[in-house]
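Asker: Here is how the chains run, residue by residue.
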Amino acid sequence: MIADFGFGVIVVAFLLALFSVGAAVYGALAKSYRWAESARRAMLLTFPLVAIASFTLIYLLATGHYELEYVYSVTSDSMPLYLKITALWGGQAGSLLFWSWLMSAFASAVTLRRWERDREFLPWVIVVSSVTLAFFLALTIFFENPFARWWQTASGEVAAMFRPTGAIPLSPSGGQGLNPLLRHPGMIIHPPMLYLGFVSFVIPYAFAMAALITGRTDDRWIRITRRWTLVAWLFLSLGLVLGARWAYDVLGWGGYWGWDPVEIAAFMPWLTGTAFLHSVMIQEKRGMLKQWNMLLIILTYDLVIFGTFLTRSGVLSSVHAFAKSAIGPLFFAFIGLTLVSSVSLLVYRWNDLKAEIEMKSMLSREALFLLNNLFFMGVLIVCFWGVIFPLISELVTNQKVTVGPPFYERATAPLFGALMLLMGIAPLSAWGHSTFKTLGRAVWKPALVAALAVVAIFAAGIHNAVALIGFGLVALVIFVTLYEFWRGAMARHRRTGENFVTALWRLAGRNRRRYGGYLIHISMVLMAIGILGMQVFQTETQGTIPQGGSLALAGYTVTFDSVAQFDTTGGRNVTRAVVSVYKGDQYLGDLYPRRDYYYESGQPMTIPGVRSTLADDLYVILVDWQPISAVGATFKVYHNPLVNWLWIGSLVFIFGTLVAAWPEKEEVKS
Amino acid sequence: MRTKTFLLIPFFFLLLGIFLVPTVTVVAQQPTPSDDEVNAIARQLYCPVCENTPLDVCPTQACAQWRDLIRQMLAEGKSADEIKQYFVENYGARVLSEPPRTGLNWLVYILPPVAFLAGAYILYRAFRSWRALDKQASTQEGSEVPPAGDEYVARLEEELRKRK
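Chains Y and B, in that order, give the protein sequences.
Counting from 1, one number per residue, gives the positions in the first sequence under the working numbering.
Counting from 1, one number per residue, gives the positions in the second sequence under the working numbering.
Do not rely on the hints blindly, as some may be mistaken.
[To be verified] If you want a taste of the chain B side facing chain Y, the calculated C-beta under 10 Å gives, among others: (1) P31; (2) S34; (3) Y46; (4) E51; (5) Q85; (6) V108; (7) F116.
Everything labelled a hint here was simulated from the structure, so no lab data went into it.
The beta-carbon is built from N, C-alpha and C at its ideal position, and this holds for glycine as well.
Sequences and hints are given; from them, build the entire structure.
Answerer: What follows is the structure, encoded as structure tokens:
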């Protein structure tokens, strides 16, 4: 009964979304304000309705209604309440409903803004948002219904919303429970962040389409959506970082990024989104690259849909999985349809989007931004091709292949290096006109300090070429950025007589976008330090040792003290080892690597014991232990140098993005 | 002389046997390959059953057995390439971390650099055409002198003046 109510509410929301599409199109074509307003109100209504449906599902999850297939598959009695609630996005059907909920929230929020200066955009923004929402609600209603219940039929158990002929309802006494890998704080927050990022990128796309349809091809749509884009980018980035942290904490393989297709699917819209954030500045400052910006936001939107689809469906594992998936072909049809219609619109407006002025210098800021876009597109091509190629191979040759980390790392490393070099140079080049002489005059000081840093690193005993190049680029970006802060603050200090700190504070406060951007650059290179540390210097060892035995790695000694096995809450059996960590003769503390076994799902989980410092992580995994074994236990120990700079960089990144997205006083006044 | 040589032959084989037997025994009694030696090869292989999981970190029982198989093959004196080849023959090319460089698989390596170079070329052509247009415009309007001095500071101060 409650499930029927939830389903009914989704159906009403779906019909309202369809109505708002029709009303908005009619309102725009007939120039009827009343119809556009009606569409807006219908759009606004979808949010509370999808919220009610989502809360209904949360209630069913929390109260153990295992007669519903979705509740049965993602919850169990032994799960704590917070996990039952977050199981809303623990499976595909619930994720799609959750996505729709967020989409309706963002679409409603955008329709609540003041539209006086750009009323012609309103109906078309509603159309794009509502079409996207209607698509996801349709998937929920017709294919991935979280309210479908179990029925016993003559041919076996089936899940359906309505009673099949002759079927009797089934009520299992318990559920399968959430996949143990998803029972982690990182995984609880990671999907909402990722989805928020995905969903909020729909808004700039909707404005871009509105601009193309109405023919208002100035940079108004970019100015309106600048903050939306930054917020979308922030959420998407946070989603990626939280996913990396979850992998590091839970997957027990000593790393944070495995170039898995699902990870790459979330990374691809980030790549185009980042390129977009840079290239829109060229349009705002110079009136150029209007066509390219349109293309970037179209790509980002379709990669968002592609990413949403992949992160839960897993259909890229094989052609057969794709063919079996009910929603796979629909997603691809939707992506194809939106891509073709958006690009057609772009082609239709191509001449209207021509640049107002042309590029003057290959060393100007805009030229370097364009190069930055080229490198981001290069990474995108590598990622997209690597993800899609196993399907092509299986389709053509019937041979399954794996495209793994060696391919991606080899192909993307030079591109990321080039991006870092640009991050170091571009902030010092001027808009419009820049020559080798003017750029060289600006760059030589920080470049010299960066070169000295490389010499110091070399003298300290690091002779690996990749590390030296990488750390050299990191140093260049850091010194250039600090130099920019210093130059700006000094210029203000000279002009106003303010002391340096006040001058710096007020300068950054008056151009938050610019200085927030610089903080983001700093955060990126801090992350790069962590990535370089892991890529170049990570070491590992594995061994089976008796109690009192030791493993040695990178100057550390790990001694196996004891192991215990016990049942605990949440239907888990825990095998927990105690190991002592020494550096030389100095005792540093105990670590507790463990293996959790979940009775309900029959799945094991490896939780490492980690000792973290700014210099490195010692990451210990309990690989194996048998109660009857006299040999001892098997441990794997990773030494992960500098990895914590990755997480520190993430925090700086959040701060930098908030600074960049914070409204400036001038804009508030206007 | 010939008889002596004939008598020497069994003696030679006896000597050979004396030298060979301990050698064979030494091979058979080699210490079991370490976990690190096994993982060095397992890291280059993917679990034939799970999706996108390297063999050295896969927690399943099946993968533990495959790692034992690698250990056994190493103990038998097989090289890393021979072990990898064994896995490919038995479980297909998907166990390799990259597609083998044969036939259609070349596309995975060729297409990204070709696409990137094509993009770079398009960008280069666009730059050239923009600069040509710019020169044309400059000739018509009179040459524009680039700003002298520290343009950055001038620009920043101008901005500050406007906002004051």
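Asker: Now tell me, hint by hint, if it's right for this structure.
Answerer: Hints, verified against the model:
1. P31: violated, 13 Å
2. S34: holds, 7 Å
3. Y46: holds, 5 Å
4. E51: holds, 5 Å
5. Q85: violated, 16 Å
6. V108: With a minimum Cβ separation of about 5 Å from chain Y (threshold 10 Å), the hint on B/V108 holds.
7. F116: Holds - the Cβ of B/F116 comes within 10 Å of chain Y, reaching about 4 Å at its closest.
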